[in-house]
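K.L.:
Keeping the supplied structure of chain F fixed, place chain D upon it in accordance with the hints.
Respectively, the protein sequence lines represent chains F and D.
Mapping of the first sequence onto the working numbering: residues 598 to 882, in sequence order.
Mapping of the second sequence onto the working numbering: residues 20 to 276, in sequence order.
Note that these hints are calculated values from the structure, not bench results.
Just so you know, even glycine gets a beta-carbon here, dropped at the ideal spot from N, CA and C.
Hints are supplied without guarantee of correctness; some may be wrong.
Claimed, not checked - Each pair of labels, with its calculated beta carbon distance range:
| hint | chain 1 | residue 1 | chain 2 | residue 2 | range |
| --- | --- | --- | --- | --- | --- |
| 1 | F | Pro790 | D | Lys26 | 43 to 49 angstroms |
| 2 | F | Ser712 | D | Ala31 | 16 to 22 angstroms |
| 3 | F | Ser712 | D | Phe54 | 18 to 24 angstroms |
| 4 | D | Ile24 | F | His871 | 54 to 60 angstroms |
| 5 | F | Asp752 | D | Tyr276 | 57 to 63 angstroms |
| 6 | F | Gly657 | D | Ala31 | 52 to 58 angstroms |
| 7 | F | Met754 | D | Ile24 | 16 to 22 angstroms |
| 8 | F | Gly657 | D | Thr242 | 45 to 51 angstroms |
| 9 | F | Ser689 | D | Glu206 | 55 to 61 angstroms |
| 10 | F | Leu806 | D | Gly244 | 37 to 43 angstroms |
| 11 | F | Ser756 | D | Cys42 | 29 to 35 angstroms |
| 12 | F | Ser867 | D | Phe54 | 50 to 56 angstroms |
| 13 | D | Arg239 | F | Gly864 | 35 to 41 angstroms |
Listed below are the residues making up each chain.
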Amino acid sequence: MSPRNADTRAATATPIGTDRDVPVIEFDRVQLAFDDVVVLREVSFTLLTGHTKIVLGASGAGKSIMLKLILGLLRPDGGVIRVDGRRVDQMSERELMEVRANVGMVFQEGALFDSLTVRENVGFKLYEQTRIPLEEVDARVREVLGFVGLGEFIDRMPSELSGGQRRRVAIARALAARPGVLLYDEPTTGLDPLTATTVDVEIVKLRDLENVSSILVTHQLRDAFYIAEHEAVREVGDGFRVVRASPDKAEETEFVMLREGRLVFEGHASELRHSRDEYLQAFLS
Amino acid sequence: MLKLIDKGIKSALLEVQEYVLLCSAALRAMVSPPFFVHDIVEQLDAIGVGSLTVVILTGLFTGAVLALQTGLTLDQFGARPVVGRLVSASMVKELGPVLTALMITGRVGSGIAAELGSMTVTDQINALRALGADPVRKLVVPRFLAGIFMVPLLTVVSDFTGVAGGWFVAYMQLGVGSGVYWTSVQEGLYLQDAWMGLIKPFFLGFVIVSIGCHVGLRTRGGTQGVGRATTRAVVAASVAVLAVDFFVTNLLVYLMY
Numbered sequence: 598m599s600p601r602n603a604d605t606r607a608a609t610a611t612p613i614g615t616d617r618d619v620p621v622i623e624f625d626r627v628q629l630a631f632d633d634v635v636v637l638r639e640v641s642f643t644l645l646t647g648h649t650k651i652v653l654g655a656s657g658a659g660k661s662i663m664l665k666l667i668l669g670l671l672r673p674d675g676g677v678i679r680v681d682g683r684r685v686d687q688m689s690e691r692e693l694m695e696v697r698a699n700v701g702m703v704f705q706e707g708a709l710f711d712s713l714t715v716r717e718n719v720g721f722k723l724y725e726q727t728r729i730p731l732e733e734v735d736a737r738v739r740e741v742l743g744f745v746g747l748g749e750f751i752d753r754m755p756s757e758l759s760g761g762q763r764r765r766v767a768i769a770r771a772l773a774a775r776p777g778v779l780l781y782d783e784p785t786t787g788l789d790p791l792t793a794t795t796v797d798v799e800i801v802k803l804r805d806l807e808n809v810s811s812i813l814v815t816h817q818l819r820d821a822f823y824i825a826e827h828e829a830v831r832e833v834g835d836g837f838r839v840v841r842a843s844p845d846k847a848e849e850t851e852f853v854m855l856r857e858g859r860l861v862f863e864g865h866a867s868e869l870r871h872s873r874d875e876y877l878q879a880f881l882s
Numbered sequence: 020m021l022k023l024i025d026k027g028i029k030s031a032l033l034e035v036q037e038y039v040l041l042c043s044a045a046l047r048a049m050v051s052p053p054f055f056v057h058d059i060v061e062q063l064d065a066i067g068v069g070s071l072t073v074v075i076l077t078g079l080f081t082g083a084v085l086a087l088q089t090g091l092t093l094d095q096f097g098a099r100p101v102v103g104r105l106v107s108a109s110m111v112k113e114l115g116p117v118l119t120a121l122m123i124t125g126r127v128g129s130g131i132a133a134e135l136g137s138m139t140v141t142d143q144i145n146a147l148r149a150l151g152a153d154p155v156r157k158l159v160v161p162r163f164l165a166g167i168f169m170v171p172l173l174t175v176v177s178d179f180t181g182v183a184g185g186w187f188v189a190y191m192q193l194g195v196g197s198g199v200y201w202t203s204v205q206e207g208l209y210l211q212d213a214w215m216g217l218i219k220p221f222f223l224g225f226v227i228v229s230i231g232c233h234v235g236l237r238t239r240g241g242t243q244g245v246g247r248a249t250t251r252a253v254v255a256a257s258v259a260v261l262a263v264d265f266f267v268t269n270l271l272v273y274l275m276y
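Chain D with its partners taken away, still in its complex shape:
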């Protein structure tokens, strides 16, 4: 029993050590040549443009249902006209960043883990090294950069579509005038809220791609291993997104409010 616990602790520590080593190697490679520009552009496209549809739909329906639910609650206080304030504050500060990150975890984090995982188990990563290319520069850095810079952009898109979805429901179903809704949206937002909504996705994007890359590169055990790695990456990144969101929100509240 003790032996098992000992083994478990060692393997967990090893996992953390490898994750930290990968992140530090990637961060070093980001600021020193050579840069694989073609791969970076390819990943920006795959992670950014490729995720647009899912992010737009997520934002739209989240904003819409938020307006519907809060509209009913606000009715109890005769405050239906301020539904825009609630939708905008919720979307920009919390739901936009977190839901976008979770959707990208499902779409991108799993994809990265599966792609790098199958490259690992078929010796393609070793072949890369044997051919004189550094897998961190060639595969990890482009994904890191794409994740860090595209997740905030996608979050902004999600925020806008969410507020627009909220407007649709407020106007069509709740009977709130357009002018009233948009004025309320502006009144509900402060500069700090916008900053919070913009800063958090950088951290969340980093978490998603770094976990995807780490799990993918440590895949063992053939196609079954790739399946396991994909599941692990999605579960670990989803939990990490929620945990990091909590801690970064705490930090930003402390620093800005």
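So that you can see chain F by itself, here it is in the shape it has in the complex:
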């Protein structure tokens, strides 16, 4: 890590989940209901450092809600949620700020601030929450925009970007403060297959080249399996290529299936493909 990067990291947050295979997010019998509608019923799972969980389920199954619970944007009615060993379900808004410093989220549709430029969006956290010199923030913004291949769009407004570009800027924004965990809420929904693959590649790159733990909520099976069954490999210089995942790498990505708020499957891509459960088969067909 360069000295400049080290400064940025020190000024943003204490890195979490740096040891591999340590639980970074834990759901323990989490329950949530809005009035009479039960959204989550005793959902339990664990995300290990450097691993990826892909949450599948029909619309309204409670997938996106899970991500909001992790960030403390919503509170569960019951159960325990831990992020890096700390219970977020009981934290005050002020305490949650510390947790959020280490968790990035890519919202559905991007949720970019439409009155700010791409530069201001991506550097928002660093400009507003840290005392890092502006030129260093600028350098970091250019770095992450370069990572998602949008360096030349730095001074554009979000309204001047296509849907796919907005998602990639959202990924850059979530990435700028070097979070240990990234949460993706339907990052490819509504995108054409080619653009969706570009976003998928960014997710694979972050997981394999930056060692970011992630939870991906989607109902786009093509994208889910692409991410689970591919890995990014560094090449000489700054290059990389995406290849079929090795068996060890494939083990690091697990699927979770939600049905009417209940967790009905947890396992790897091959287990999901060969499941004989009728609902899963219907979902995959």
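P.N.:
This is chain D only, laid out in the frame that chain F set:
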């Protein structure tokens, strides 16, 4: 039927609870760091400087029509020369604060509700929180401060332009001499009137921005929801301005006169 009434009462109480919680959170955030100075200055400019034209025009024409109407009535008693007294007292004590507040409700209250509403329905508020920023400090406090401090200033501008509009009509149409008009303006005003005209806008400014922020942050249901929120904010704030004006006037009359 009972179930519906029960639901209605609960939702009204919830609305009041959320409004009070938002106001108390904003008031706490106003006196504790961090402060988003850039956002505060931006809102002072948007709400204050941005509303100048509409407030000047409103004040000018209100004062002018007031002079015209009262001049005709005063003629019946041969009291046309005291038209300045009527214009100044009406503008400073009542019409200046209330009309300015109503104009700002239309321009600023609706803008706040629409802006925060569209941020809410597009998840930008959640994104703010996810990025570690407190929406109350970042979005609500700057608007509260701008509303509370700019509405009184705009009211003073409106009062002056109103009296000036009254002078124009009194001099040009009613044939009242300038000296007579301005002497009458001074005679019609007491210190308590000036205080009343200055204190009321602080409350009215607070009401406008707090309702705009509250309605905006509770917007649901996409772009249609934003439209509904904007209408609700303007209607609720307009009614609240008139109601708060009545109660604050009562209180000030009790305390000062």
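K.L.:
Run every hint past the structure and note whether it holds.
P.N.:
Do the hints match the structure? See the list:
Hint check: proline 790/F to lysine 26/D, Cβ distance near 45 angstroms, so the stated range 43 to 49 angstroms holds. For the pair serine 712/F and alanine 31/D, the supplied restraint of 16 to 22 angstroms is violated, since their beta-carbon distance comes to about 33 angstroms. The hinted range of 18 to 24 angstroms is satisfied by serine 712/F and phenylalanine 54/D, whose Cβ atoms lie roughly 20 angstroms apart. A C-beta distance of roughly 55 angstroms is found between isoleucine 24/D and histidine 871/F, which places it inside the suggested range of 54 to 60 angstroms.
Checked against the given bound of 57 to 63 angstroms, the beta carbons of aspartate 752/F and tyrosine 276/D, roughly 59 angstroms apart, stay inside it. One distance hint, 52 to 58 angstroms for the beta-carbon pair glycine 657/F and alanine 31/D, is violated here, with the actual separation near 28 angstroms. Evaluation of the 16 to 22 angstroms hint for methionine 754/F and isoleucine 24/D yields a failure: the beta carbon distance comes to about 48 angstroms. The beta-carbon spacing between glycine 657/F and threonine 242/D, approximately 21 angstroms, falls outside the hinted interval of 45 to 51 angstroms.
Checking the proposed 55 to 61 angstroms range against serine 689/F and glutamate 206/D shows it holds: the Cβ atoms sit about 58 angstroms from each other. Here the CB-CB span from leucine 806/F to glycine 244/D is close to 41 angstroms, well matched to the stated 37 to 43 angstroms. For the hinted restraint 29 to 35 angstroms between serine 756/F and cysteine 42/D, the CB-CB distance of approximately 33 angstroms keeps it satisfied. Distance hint for serine 867/F and phenylalanine 54/D: a CB-CB separation of about 54 angstroms, consistent with the stated range 50 to 56 angstroms.
For arginine 239/D paired with glycine 864/F, a C-beta distance near 37 angstroms keeps the hint of 35 to 41 angstroms intact.
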